[in-house]
Amino acid sequence: MKNLSTEDSAEAIHLGSLIAALGYLFPISDHVLTLKDDGTLYRFQAPYFWPSNCWEPENTDYAIYLCKRTMQNKARLELADYEAENLARLQRAFARKWEFIFMQAEAQVKIDRKKDKAERKILDSQERAFWDVHRPVPGCVNTTEMDIRKCQREKNPQRVKKSVYGVTDDTQTQSPVHQSLPSQPARKPTREDVQKEISFLNMQLDRHCMKMSKVADSLMSYTEQFMVYDPLASTVEPSNPWISDDMTFWDLEASRDPSQHRVKKWGFSLEEALKDPVGRDAFLKFLESEFSSENLRFWLAVQDLKRRPLENVAARAQEIWQEFLAEGAPSSINLDSHSYELTSHNLKDPGRYSYEDAQEHIFKLMKSDSYARFLRSNIYQDLLLARKKLGKSLTGKRLTGLMQSS
Amino acid sequence: MSIQDVSPCVKCYIMEVQPNETLTNLKAESDTLKTKLEDERAKLHDVELHQVAEKVDGLGQFIMKTRRTLKGHGNKVLCMDWCKDKRRIVSSSQVSVWIIVTFSEEHAVTMPCTWVMACAYAPSGCAVACGGLDNKCSVYPLSLDKNENLAAKKKSVAMHTNYLSACSFTNSDMQILTSSGDGTCALWDVESGQLLQSFHGHAADVLCLDLAPSETGNTFVSGGCDKKANVWDMRSGQCIQSFETHESDINSVRYYPSGDAFASGSDDATCRLYDLRADREVAIYSKESIIFGASSVDFSLSGRLLFGGYNDYTINVWDVLKGTRVSILFGHENRVSTLRLSPDGTAFCSGSWDHTLRVRWAALIGIHIFGTRGTVV
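As you go down the protein sequences, you meet chains A and B in turn. In terms of full-length UniProt numbering, the first sequence opens at residue 1 and continues consecutively. In terms of full-length UniProt numbering, the second sequence opens at residue 1 and continues consecutively.
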């Protein structure tokens with residue numbers, strides 16, 4: 001027995017209602033299984049009827065149950081409207097074996113009569129609650145519904161055709177809804193599997209990992225940096241379109257004329273600058289001014305290569321070689337000899353990842369060299385300080401003077 | 001006398017005995033390595049994330065409001081995905097696939113399909129992919145002509161030997177990554193339908209996947225019924241990292257926006273954060289009162305908030321750094337089966353077995369952090 005602590009009464013009611021809907025407890029005098037904080041009386045369900053027993057009661061059982069209810073002359077056992085409708089439907093469906101069902105119902109009534117009156121009341125209510133779970137009131141959630149992906153892995157063997165009333169019937173058909181998906185046979189690990197595992201573990205042992213304290217600092221600083229851009233945690237200018245119905249925010253984000261706020265993000269990392277098409281163009285413009293745009297163009301070409309359909313890949317890879325790496329290439333990039341050799345080798349059987357090594361090298365080069373200068377450049381600073389828009393202010397002049405070093 | 005001289009039946013006997021012994025030795029070696037690895041990792045575990053995060057300001061109160069409730073599916077919603085235009089979504093249910101322009105609540109397209117458990121929008125916005133019990137992933141090019149029969153243009157791309165559990169386009173419309181109940185993930189070329197790479201390693205159904213957010217990234221993470229979350233190299237097909245701390249099926253995985261970590265949601269009623277650099281679980285998001293499985297998770301843009309959709313019909317919002325729950329959202333009348341933040345983080349959409357999809361926004365009120373102007377709207 002465990003007390004689940006929660007401070008929130010709404011949550012407590014919700015959880016309680018779910019437990020009721022599943023069938024572990026029920027209101028004494030209502031078919032609808034829910035929990036209310038209004039003095040209603042509840043009863044715990046008998047373990048026999050618990051959903052954890054994996055019941056999947058057939059319609060024959062349900063028919064027997066409804067039938068026997070009609071046999072007993074008690075007001076509290078009178079069928080609700082939806083139950084009467086269900087009974088009528090079942091009578092039509094089981095027309096040929098109704099005699100059998102009727103006999104089973106009679107047998108059940110006989111058994112019930114032998115029990116003590118008080119005990120019967122309790123058992124009747126528990127039985128009713130059981131059926132409220134498996135044949136819920138129309139409009140209520142059927143909590144026995146399972147995620148179809150998980151049905152096949154049901155470990156409980158009892159889930160197959162056990163009757164609530166111990167009835168055996170060969171003519172029971174399998175409901176199409178309960179058809180299980182072919183299950184994955186549990187494979188025993190082979191030598192090969194364990195060998196793979198060992199080499200994997202060795203690879204992990206060789207990995208250089210970061211201390212938790214450093215990781216925590218890194219996660220915190222990333223989050224801190226981006227909180228002001230997070231629409232759920234900060235206000236966005238001019239407004240969140242979902243709140244105000246005004247799409248200006250989206251127009252601004254897509255605009256070729258970026259806000260200072262947006263330009264500031266380009267300064268966080270080269271990745272952030274390249275994510276924004278306008279940032280990418282600004283960086284390209286800067287590189288052109290330094291006559292080193294081939295690096296970025298190469299990087300972009302490789303990105304594009306990876307996005308092509310398979311049939312275009314080989315040809316495009318060759319084009320990239322011609323443009324950037326071949327002898328006398330028009331946009332020759334500077335790769336170290338090792339990377340050059342590797343790439344050249346890859347090109348013998350060109351694929352989407354032929355240039356991975358080269359691309360990584362070029363990216364690192366841009367990151368450590370050109371990117372830092374870009375952030376100091378007029379091209380970037382003008383946008384960051386919105387100088388072009390406002391015209392050169394006094395502040396602008398002073399800053400330009402300081403930046404003249406590049 | 002060499003093995004060649006031995007008669008075949010004796011050879012068989014020898015072959016049977018030796019591998020078994022070697023298997024035992026191998027298993028012992030593997031166990032030793034596992035222990036050693038745990039010890040090595042534990043040495044670096046000098047502090048807990050929530051302890052370090054004590055110096056960060058608390059988040060204060062959120063208001064969250066439902067902006068749109070989309071009802072037309074008429075059946076359990078199983079999956080949804082946002083278009084990059086931040087307004088459109090594709091969603092799938094037991095009986096159909098829908099594309100809806102959520103901002104104006106305009107219903108764009110319906111396609112009858114059964115049991116579609118996975119759907120994804122192409123980066124260009126010009127196609128959607130979906131699949132499920134048909135064991136396939138098919139791509140449907142979209143057109144502006146509303147009357148066009150989309151089903152006719154359908155193109156089968158992926159073929160698995162069991163149900164399709166998740167699918168995602170890579171950075172382009174030309175490749176699709178899929179995961180399946182057959183225990184594998186696979187990368188496909190859309191135009192030709194050719195298998196580019198397959199990923200083997202899960203010991204049971206793979207239920208979810210997510211691509212690393214980096215532009216140059218070539219990795220993705222998958223979660224399965226074997227309780228493992230695996231990180232894969234798309235180029236080689238190799239599993240490069242693996243995490244096994246959940247106690248039950250992993251239903252959903254999602255990268256932290258920097259790509260250095262990822263979160264998972266599981267049937268064990270917890271969500272967890274794993275950092276790739278520490279190669280370790282670094283946070284667990286759970287409460288005594290949460291006893292139902294988490295079906296889907298997603299981060300807010302900054303990574304500060306983690307949204308979890310649960311089988312108890314609620315959405316719990318977690319403070320990723322502090323490990324505490326910030327908010328609980330009621331509203332759905334049956335399991336939440338799918339949940340995604342919009343591409344720019346301005347809203348989030350949840351789909352449920354109650355046949356509806358709800359688009360909600362959130363605003364932070366109360367304590368401000370880092371000098372932002374948080375206001376009530």
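Read the hints as simulated data drawn from the structure, not as lab findings. Here the structure is a predicted model, which is why all the values come from computation and not from measurement. Watch out, some of these pointers could steer you wrong.
[To be verified] In silico DSS-like pairs for lysine-lysine, Cα to Cα no more than 27 Å straight-line:
hint: 1; chain 1: A; residue 1: K150; chain 2: B; residue 2: K287
hint: 2; chain 1: A; residue 1: K188; chain 2: B; residue 2: K155
hint: 3; chain 1: A; residue 1: K196; chain 2: B; residue 2: K155
hint: 4; chain 1: B; residue 1: K322; chain 2: B; residue 2: K287
hint: 5; chain 1: A; residue 1: K196; chain 2: A; residue 2: K214
hint: 6; chain 1: A; residue 1: K214; chain 2: B; residue 2: K55
hint: 7; chain 1: B; residue 1: K71; chain 2: A; residue 2: K196
hint: 8; chain 1: B; residue 1: K36; chain 2: B; residue 2: K84
hint: 9; chain 1: B; residue 1: K136; chain 2: B; residue 2: K153
hint: 10; chain 1: A; residue 1: K211; chain 2: B; residue 2: K153
hint: 11; chain 1: A; residue 1: K264; chain 2: B; residue 2: K55
hint: 12; chain 1: A; residue 1: K196; chain 2: B; residue 2: K322
hint: 13; chain 1: B; residue 1: K84; chain 2: A; residue 2: K214
hint: 14; chain 1: B; residue 1: K84; chain 2: A; residue 2: K265
hint: 15; chain 1: A; residue 1: K162; chain 2: A; residue 2: K121
hint: 16; chain 1: A; residue 1: K211; chain 2: B; residue 2: K84
hint: 17; chain 1: B; residue 1: K36; chain 2: A; residue 2: K214
hint: 18; chain 1: B; residue 1: K65; chain 2: A; residue 2: K188
hint: 19; chain 1: A; residue 1: K264; chain 2: B; residue 2: K84
hint: 20; chain 1: A; residue 1: K214; chain 2: B; residue 2: K153
hint: 21; chain 1: B; residue 1: K43; chain 2: A; residue 2: K211
hint: 22; chain 1: A; residue 1: K285; chain 2: A; residue 2: K364
hint: 23; chain 1: A; residue 1: K214; chain 2: B; residue 2: K71
hint: 24; chain 1: A; residue 1: K36; chain 2: B; residue 2: K287
hint: 25; chain 1: B; residue 1: K34; chain 2: B; residue 2: K65
hint: 26; chain 1: A; residue 1: K196; chain 2: B; residue 2: K27
hint: 27; chain 1: A; residue 1: K264; chain 2: A; residue 2: K275
hint: 28; chain 1: B; residue 1: K136; chain 2: A; residue 2: K211
hint: 29; chain 1: B; residue 1: K84; chain 2: B; residue 2: K71
hint: 30; chain 1: B; residue 1: K34; chain 2: A; residue 2: K211
hint: 31; chain 1: B; residue 1: K71; chain 2: A; residue 2: K275
hint: 32; chain 1: A; residue 1: K214; chain 2: A; residue 2: K264
hint: 33; chain 1: A; residue 1: K214; chain 2: A; residue 2: K74
hint: 34; chain 1: A; residue 1: K36; chain 2: B; residue 2: K155
Comparing the hints with the structure gives:
1. Distance hint between A:K150 and B:K287 is fulfilled; the C-alpha atoms sit about 24 Å from each other, no more than 27 Å.
2. Proximity of A:K188 to B:K155 is assessed by CA-CA distance (about 37 Å); at most 27 Å being required, the pair is judged violated.
3. The suggested pairing of A:K196 with B:K155 is violated, with an alpha-carbon distance near 36 Å, which exceeds 27 Å.
4. Using a Cα cut-off of 27 Å, the hinted pair B:K322 and B:K287 holds, with the two alpha carbons roughly 14 Å apart.
5. About 31 Å separates the Cα atoms of A:K196 and A:K214, which puts this hinted pair outside 27 Å; it is violated.
6. Of the pairs offered as hints, the one joining A:K214 and B:K55 holds, with about 15 Å between alpha carbons and a cut-off of 27 Å not exceeded.
7. Proximity of B:K71 to A:K196 is assessed by CA-CA distance (about 49 Å); at most 27 Å being required, the pair is judged violated.
8. Between B:K36 and B:K84, the direct Cα distance comes to roughly 45 Å. Violation of the 27 Å bound is thereby established for this hinted pair.
9. Restraint check for B:K136 and B:K153: satisfied, since their Cα atoms lie roughly 15 Å apart, inside the 27 Å limit.
10. Using a Cα cut-off of 27 Å, the hinted pair A:K211 and B:K153 is violated, with the two alpha carbons roughly 52 Å apart.
11. Simply put, A:K264 and B:K55 have alpha-carbon atoms about 25 Å apart, close enough for the 27 Å limit, and the pair holds.
12. Annotation: proposed proximity of A:K196 to B:K322 is violated, straight-line Cα distance about 37 Å (limit 27 Å).
13. Restraint check for B:K84 and A:K214: the C-alpha separation of about 34 Å exceeds 27 Å, so the hint is violated.
14. Distance restraint check for B:K84 and A:K265: the Cα-Cα separation of roughly 20 Å lies within the 27 Å cut-off, and the hinted pair is therefore satisfied.
15. For the suggested pair A:K162 and A:K121, the alpha carbons sit about 25 Å apart, so the restraint of at most 27 Å is met.
16. Distance restraint check for A:K211 and B:K84: the Cα-Cα separation of roughly 36 Å exceeds the 27 Å cut-off, and the hinted pair is therefore not satisfied.
17. With a C-alpha separation of about 22 Å, the suggested pair B:K36 and A:K214 falls inside the 27 Å cut-off, and the hint holds.
18. For the hint linking B:K65 to A:K188, the alpha-carbon distance of about 50 Å lies beyond 27 Å, and the restraint is violated.
19. Only pairs whose Cα atoms come within 27 Å are accepted, and A:K264 paired with B:K84 is accepted, the gap being roughly 22 Å.
20. Restraint check: the Cα-Cα separation between A:K214 and B:K153 comes to about 51 Å, which exceeds 27 Å; the hinted pair is violated.
21. A threshold of 27 Å between alpha carbons decides the hint, and for B:K43 with A:K211 the separation of about 8 Å falls inside it, so the pair holds.
22. The hinted pair formed by A:K285 and A:K364 meets the criterion: a straight-line CA distance of about 19 Å does not exceed 27 Å.
23. Taking the CA atoms of A:K214 and B:K71, the gap is near 46 Å; set against the 27 Å cutoff, the hint is violated.
24. For the hint linking A:K36 to B:K287, the alpha-carbon distance of about 22 Å falls within 27 Å, and the restraint holds.
25. With a C-alpha separation of about 47 Å, the suggested pair B:K34 and B:K65 falls outside the 27 Å cut-off, and the hint is violated.
26. The straight-line distance between the Cα atoms of A:K196 and B:K27 is roughly 11 Å, inside the 27 Å bound, and the hint therefore holds.
27. For the hint pairing A:K264 with A:K275, the CA-to-CA distance comes to about 13 Å; that is within 27 Å, so the pair holds.
28. This hinted pair does not check out: B:K136 and A:K211 have alpha carbons roughly 42 Å apart, beyond 27 Å.
29. Restraint check for B:K84 and B:K71: the C-alpha separation of about 23 Å stays at or below 27 Å, so the hint holds.
30. As the CA atoms of B:K34 and A:K211 are separated by approximately 19 Å, the hinted pair is consistent with the 27 Å bound.
31. Between the alpha carbons of B:K71 and A:K275 the distance comes to roughly 35 Å, so the proposed pair goes past 27 Å and is violated.
32. With a C-alpha separation of about 25 Å, the suggested pair A:K214 and A:K264 falls inside the 27 Å cut-off, and the hint holds.
33. Under the criterion of a C-alpha separation no larger than 27 Å, the hint pairing A:K214 with A:K74 is inconsistent with the structure, at around 72 Å.
34. Simply put, A:K36 and B:K155 have alpha-carbon atoms about 51 Å apart, too far for the 27 Å limit, and the pair is violated.
Comparing the model with each numbered hint stated earlier shows that hints 2, 3, 5, 7, 8, 10, 12, 13, 16, 18, 20, 23, 25, 28, 31, 33, 34 do not hold.
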